[in-house]
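For the protein sequence lines, the chains are A and B, in the order given.
FYI, the numbering for the first sequence is 5 to 640, going by the working numbering.
FYI, the numbering for the second sequence is 5 to 640, going by the working numbering.
Hints were generated in silico from the structure; no laboratory data involved.
None of these values were measured; they are calculated from a predicted model.
Some clues are possibly wrong.
Listed below are the simulated EDC-like cross-link pairs for lysine to aspartate or glutamate, each with C-alpha atoms no more than 16 Å apart in a straight line [to be verified]:
#1 K88(B) to D150(B)
#2 K88(B) to E346(A)
#3 K88(A) to E561(B)
#4 K88(B) to D98(A)
#5 K88(B) to D69(A)
#6 K190(A) to D205(A)
#7 K88(A) to E568(B)
#8 K88(B) to E568(A)
#9 K88(A) to E48(A)
#10 K88(A) to E119(A)
#11 K88(B) to D132(B)
#12 K88(A) to E129(A)
#13 K329(B) to E302(B)
#14 K329(B) to E346(B)
#15 K329(B) to E419(B)
#16 K88(A) to E565(B)
#17 K88(B) to D134(B)
#18 K329(B) to E294(B)
#19 K88(A) to E346(B)
#20 K88(A) to D74(A)
#21 K88(A) to D132(A)
#22 K190(B) to D223(B)
#23 K88(A) to D126(A)
#24 K190(A) to D226(A)
Beyond 12 Å from chain A on every Cβ pair, some chain B residues (computed) [unchecked claim]:
#25 H212
#26 D418
#27 R456
#28 R457
#29 Q619
The beta carbon of each residue, even a glycine, is placed where N, CA and C say it ideally should be.
Number of protein chains: 2
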Amino acid sequence: MRTSIATVCLSGTLDEKLQAAAQAGFDGVEIFEQDLTVSPDSPEVIAARAADLGLSLDLFQPFRDFEGVDEAQFEANLRRAEAKFRLMGRLGMDTILLCSNVGTATIDDDEVVVEQLRRLGDLAERYDIDVAYEALAWGRYVSEYDRAWDLVRAADHPRIGTCLDSFHILSRGTDLSRIAEIPGEKIFFLQLADAPALSMDVLSWSRHHRVFPGEGSWDLTDFLARVTATGYAGPVSLEVFNDSFRQADTQRTAVDGLRSLRWLEANVAAAHVDSDQVRLDLQTLPQVAEPRGVDYIELDTDDLGALTRQIHQLGFRFVGFHRTKPHVQLWRRGQARIVVTESADIDPVSVDPDSAVPADATAAPAPASAVAPAPVSSGTHLRGIGFAVADADSAMERATLLQATEVPRDQAHDEEVLRGVFAPDGSEVFFGSGTGVDPTWTDEFGTVPDDRRSAIDHVNLAQPAHHYDEAVLFYTSLLALHAQVSNDVPSPSGLIRSQVMASSDGAIRMPLNLAPRSAESPETGSYPEHVAIACDDIFTAAATAVSRGLDFLPVPENYYEDLEARFDLAPELLQRLRENNILYDRDDVGEFLHFYTSTIGSVFFEMVERRGDYQGYGAPNAPVRLAAQHRRNAGH
Amino acid sequence: MRTSIATVCLSGTLDEKLQAAAQAGFDGVEIFEQDLTVSPDSPEVIAARAADLGLSLDLFQPFRDFEGVDEAQFEANLRRAEAKFRLMGRLGMDTILLCSNVGTATIDDDEVVVEQLRRLGDLAERYDIDVAYEALAWGRYVSEYDRAWDLVRAADHPRIGTCLDSFHILSRGTDLSRIAEIPGEKIFFLQLADAPALSMDVLSWSRHHRVFPGEGSWDLTDFLARVTATGYAGPVSLEVFNDSFRQADTQRTAVDGLRSLRWLEANVAAAHVDSDQVRLDLQTLPQVAEPRGVDYIELDTDDLGALTRQIHQLGFRFVGFHRTKPHVQLWRRGQARIVVTESADIDPVSVDPDSAVPADATAAPAPASAVAPAPVSSGTHLRGIGFAVADADSAMERATLLQATEVPRDQAHDEEVLRGVFAPDGSEVFFGSGTGVDPTWTDEFGTVPDDRRSAIDHVNLAQPAHHYDEAVLFYTSLLALHAQVSNDVPSPSGLIRSQVMASSDGAIRMPLNLAPRSAESPETGSYPEHVAIACDDIFTAAATAVSRGLDFLPVPENYYEDLEARFDLAPELLQRLRENNILYDRDDVGEFLHFYTSTIGSVFFEMVERRGDYQGYGAPNAPVRLAAQHRRNAGH
């Protein structure tokens, strides 16, 4: 499958966009005309640059407001088209996108439109150019893909075909069955975008909120499979207008985009499109199942005493030092394992985020997988998560094919090989094959039996601005996790966007949080992350913590009074909650009891007990936690 | 008129919100229940704190999902209500907001709802509490204000009244005429919010995009006048859910809010509400007319040589040094005047943004007008704008009553007194009474006659994040400017939100720009501002600039080729544009020709020639400028 990306998806100059697309591994690009207009490079220079980078220039776009006009206007439009055809000749391009008329159409008459398309085709023929006619969702008279196809079919001109764009089609909820009527060779171009489910005018939705496939709510696997079945053999191209992408790092966005296409391609390949028409060569990926659970959490710390004291207060037992790395310790509480690494001993240049991108980017492009992750914060912080997967080698191979950057790590010859990649937030994702209760890598630390029913319940990760959507696709495509509905949590310094990535059985639960960049905390990195431990008796856990002197995050009395008004709790239960700073939530299927610790560096802990079939995270209590943390930060 | 604000409008803790409301000068607050729930202070402590601050606690809110339910649910709801009534007693509060049922209503029957409201009234009576019933725009069965009023009237209970909220009413476009049917004493509360015209689901619109009166698109003067005419005598309160306000400085948002109410109050007072029912005591403000023009621009610079060279290249003439301040110079080009101040000579502590807020805020609150503006950037930057107004004293008095902070400035006894205030971006706004061609203050610099037809065409200001809406209200309320439609301009590092504030005759034009906080330029302050000079012959101006060696911002050849395709320009004109880096735009009523200079510090210049009745700013050319500036910043 040939991959392409519209330059409008990316930030930066046209030259930066071309470089980024090539480095990520795209086969071609769509040239968004404005990017060319504002560029100081001539069309010939741009064409040569693309050729040097190994990129084809797949589509010149957009050409607007052409058809359905009176003859005088039409003549002027033909002159405009001819100027663009000449320009395309200088670029060596052969396909132009024609959007259905939004601004100037006055004639809603198929015969007129068909005749005007045909005359455009005659002109295009002279310049050896193909015209891909697309129905914009907000076109004045032509806004549905099947109407555009009917017009193209009626024009019956070898230079006039149609362009299918998933945004314009899926945003209108049009019946997709007529895609099958279009012969693949009359689909001159295919553009893909996903989008979150939003209820707003389609123009704003399109211009600001499109995302890459897998980052929104649409079934693009089905869509691409339908187009594939027509025999379409051209590029599969991303056209995404997104406010965040426009601000984000060019190279990262390009890698994110290519990942979305590789993932989608493999999905379609796995769907076994049942047609002898299929002419796209679809590459597969090693399939991975959802992780069975969290194998371990790894924390780096420059305050080993405080951190290990706190996890001990939470009932963790010390297993041992790593047999060859004395700065690394393992702690466990049932099946919850925490690897603690004292960062003073870490080689400070074990990862150099800048070293991977060559200074002279005109030299041979670095492999896309070398894109630098965001640097993680110093001090005590969450370094990574080990996932228990069925086949670690397949998971790693899939991750690499999906452009993830491998974490460099030394292993002694007799140690278990744990391989992993960087997540978009700079944390590390490791693939462990650990089967059974105690994974074999734990032998390197010694043995401490622990049959308590306890495990990692969830890990709450802070995401850097502009890379939230990338994170959703990353965990979806690499780990087969599912994005749950996103919501906003009020904090004293703004709304926090929160979205849970989870496995079907709840063994993996990871809320991703995007904190506002307020005046108070301009660095998103200052938003703390946390590890939640599941236990089967929160009161026993709290009693242990109290006896060991845990610094609980305090819960205000007003909260318990409101709890009393909301739920008909037994006074004894209410009193026990109050005494232990335990929060409470309930829904139709169960209950949730939890308490929080103070924050060390950028990490804190939560102890949770789930009763019944409760699947949430105590969302109504999140503002209580955020306000308490805000007061502590402010030193109140 | 008694002013109030809902705590949900503001960032921070409840205590910080109360302090900010009091310091801004509000008479009272609405307590948003969640702010209380997450607070460590008991209701009694909060009540005492509010009393110390001189704030009344006007409304406890919200109480939800009460009416239209079956009897079992209703009993539970009454218990919930009673808990809240007891809590209100501890707070010393007497009015609660009841929102129409969104979640649990199953019975759409007026008789049931009326009976349930009446029974709630009986319970409220025992606690001496008034219930203000409000139709939420997305209420399940009750979503219109007049339906809520019909139910309240039918309940006919002294403890049951209605709450009018401009958002819920104006967002639905409901006919406002029935407001006049409601007796003022049955309106138990009044909440105001403005909103931009958006086409999205009303719940998201309400929860994220409300703004203060004067910052959106609705006619709240008319709305408030209608409510005033009913005899309503209670507080006029702001209830605004806004993502930016939640992140912004608490104190600044509070001042912005009070400004909106003072401005609205004066508008209603000036509208002479014609009813003997009016019981609100409406304060007026000194009226101001739109400014006649820009009197002068003041630039601070640490690179006097580069800056004065550039304005000389643009045809400015040196008028002289200020007669007592040798570090201040005046330059002019016709009626365009630029005061240049060499910043090395400026007292670096003439404004201390932090000094105005007392460290111990429990002491007597500082006057609201002492809120610190954002500090301006160093280097060459736009320090302020002098506006030619009809009555400078009235303008200054109005500005002060609207909570603006006066700029401290020394005047010698024989110098003209120019007074001014800080704008939200930290720049200075001065009110000059200068009548005739040469304002009298210019005598302090000497006299250089200059009858060229040239003036300040527009000034393009960068706005800090979170204070964009505040700026719109600031210029609207202080200077009687009008906000034009906002739009987004694509740049290589993201979309730039742009909104023009202008006077009706175009003598004042100020595009406000909000730049994205990209990875590349995390500080919004790095987005440059510019001063555009109007001339009547752009080619002569360009020729002068060329002969004097101006560093033009270069315009790419691709732009001129696109211009050729878009407009049928004479080849000679196109060639002259190309040779001088002049950009071109045209609409139905005129033409616009303009060129840009390089940037010095955070300022650059534009020379413009308007032909015919062209009123725009060459918006299609903005991406060309932004890309060229991006390349220069990146050193390409």
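So, going through the hints one by one against the coordinates:
1. K88(B) to D150(B): 27 Å, violated
2. K88(B) to E346(A): Not OK: K88(B) and E346(A) at ~50 Å, beyond 16 Å, violated.
3. K88(A) to E561(B): 15 Å, holds
4. K88(B) to D98(A): With Cα atoms ~70 Å apart, K88(B) and D98(A) exceed 16 Å; violated.
5. K88(B) to D69(A): Given pair K88(B), D69(A) is violated - Cα atoms ~60 Å apart, limit 16 Å.
6. K190(A) to D205(A): With a Cα-Cα distance of about 30 Å, the restraint between K190(A) and D205(A) is violated, given a limit of 16 Å.
7. K88(A) to E568(B): 11 Å, holds
8. K88(B) to E568(A): It holds: about 11 Å lies between the C-alpha atoms, which stays within 16 Å.
9. K88(A) to E48(A): 14 Å, holds
10. K88(A) to E119(A): 20 Å, violated
11. K88(B) to D132(B): Between K88(B) and D132(B) the Cα gap is close to 13 Å, so the pair holds against 16 Å.
12. K88(A) to E129(A): Answer holds: K88(A) to E129(A) is near 14 Å, not above 16 Å.
13. K329(B) to E302(B): 14 Å, holds
14. K329(B) to E346(B): 10 Å, holds
15. K329(B) to E419(B): 11 Å, holds
16. K88(A) to E565(B): Status holds; Cα separation ~10 Å.
17. K88(B) to D134(B): With a Cα-Cα distance of about 12 Å, the restraint between K88(B) and D134(B) holds, given a limit of 16 Å.
18. K329(B) to E294(B): Given pair K329(B), E294(B) is violated - Cα atoms ~31 Å apart, limit 16 Å.
19. K88(A) to E346(B): 50 Å, violated
20. K88(A) to D74(A): The given pair, whose Cα atoms are some 21 Å apart, is violated under the 16 Å limit.
21. K88(A) to D132(A): Answer holds: K88(A) to D132(A) is near 13 Å, not above 16 Å.
22. K190(B) to D223(B): 23 Å, violated
23. K88(A) to D126(A): Holds - the C-alpha atoms of D126(A) and K88(A) are around 15 Å apart, at most 16 Å.
24. K190(A) to D226(A): 20 Å, violated
25. H212: H212(B) not clear of chain A: closest Cβ-Cβ about 8 Å, inside 12 Å.
26. D418: 43 Å, holds
27. R456: 33 Å, holds
28. R457: The claim stands: R457(B) keeps its Cβ more than 12 Å from every Cβ of chain A (closest is about 32 Å).
29. Q619: For Q619(B), whose nearest Cβ neighbour in chain A is about 20 Å away, the distance exceeds 12 Å, so it holds.
In terms of the numbered hints stated before, the structure departs from hints 1, 2, 4, 5, 6, 10, 18, 19, 20, 22, 24, 25, listed from lowest to highest.
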